[in-house]
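Asker: Read top to bottom, the protein sequences are chains E and C. Numbered per the working numbering, the first sequence spans residues 7 to 90. Numbered per the working numbering, the second sequence spans residues 7 to 90.
Calculated from the structure, these hints are not laboratory results. It is possible that part of the hints are untrue.
No distinction is drawn between identical chains; accordingly, a pair holds when it is met within one copy or between any pair of copies.
Claimed, not checked - Restricting the straight-line Cα-Cα distance to at most 25 Å, the calculated cross-link-like pairs of lysine-lysine (DSS-like) are:
#	residue 1	residue 2
1	K36	K90
2	K90	K64
3	K31	K64
4	K64	K36
5	K31	K90
6	K64	K34
7	K39	K64
8	K90	K34
Listed below are the residues making up each chain.
There are 2 protein chains.
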Amino acid sequence: MELIILLGLVAVIFTNASFLPQAIKTIKTKHTKDLSLGMYLMLATGLFLWLLYGILIKDFPLILSNGISLTFTLTILFLIIRYK
Amino acid sequence: MELIILLGLVAVIFTNASFLPQAIKTIKTKHTKDLSLGMYLMLATGLFLWLLYGILIKDFPLILSNGISLTFTLTILFLIIRYK
């Protein structure tokens, strides 16, 4: 595999998986006071649009990575609203 | 402009700008207890790799958008470590 493609793949894995530790932390603590509602509203909207874009151009990696990120982000958003 | 390109652009703007409200909130409150250090370490690493990828393939929109996101993310990461 070309090194540059591998770099891109590792970048995708890191940015997408990064929301998982926050989701786990928030599920455990139920504390959301310091989290920005605005951030997660904008992020969920952006990731939804990315997902839609991936579906429209039929790009499977885009659909997969944004689908995963959106799931984590919606989980955190739900918890922020639930434990407000 | 093609509608699909516009959709992608709006998606980029939303996901990239989403970290700004969190950065502003954290700068104001100085409270970082509920934020996941793991998330921001992973996100900063991923965005740095994206930026590097953008530089290597000489893609200006990729450099710009990831440069902006990385700036916000590093600000939040710095505050989490500072006010731990």
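Asker: The structure should be examined with respect to each hint, and the outcome stated for every one.
Answerer: Hint by hint, here is what the structure shows:
{"no.": "1", "hint": "K36 to K90", "result": "both (10 Å within a copy, 19 Å between copies)"}
{"no.": "2", "hint": "K90 to K64", "result": "neither (38 Å within a copy, 43 Å between copies)"}
{"no.": "3", "hint": "K31 to K64", "result": "neither (34 Å within a copy, 37 Å between copies)"}
{"no.": "4", "hint": "K64 to K36", "result": "neither (37 Å within a copy, 43 Å between copies)"}
{"no.": "5", "hint": "K31 to K90", "result": "both (16 Å within a copy, 15 Å between copies)"}
{"no.": "6", "hint": "K64 to K34", "result": "neither (36 Å within a copy, 42 Å between copies)"}
{"no.": "7", "hint": "K39 to K64", "result": "neither (38 Å within a copy, 40 Å between copies)"}
{"no.": "8", "hint": "K90 to K34", "result": "both (15 Å within a copy, 19 Å between copies)"}
Comparing the model with each earlier hint shows violations of hints 2, 3, 4, 6 and 7; every other hint is respected.
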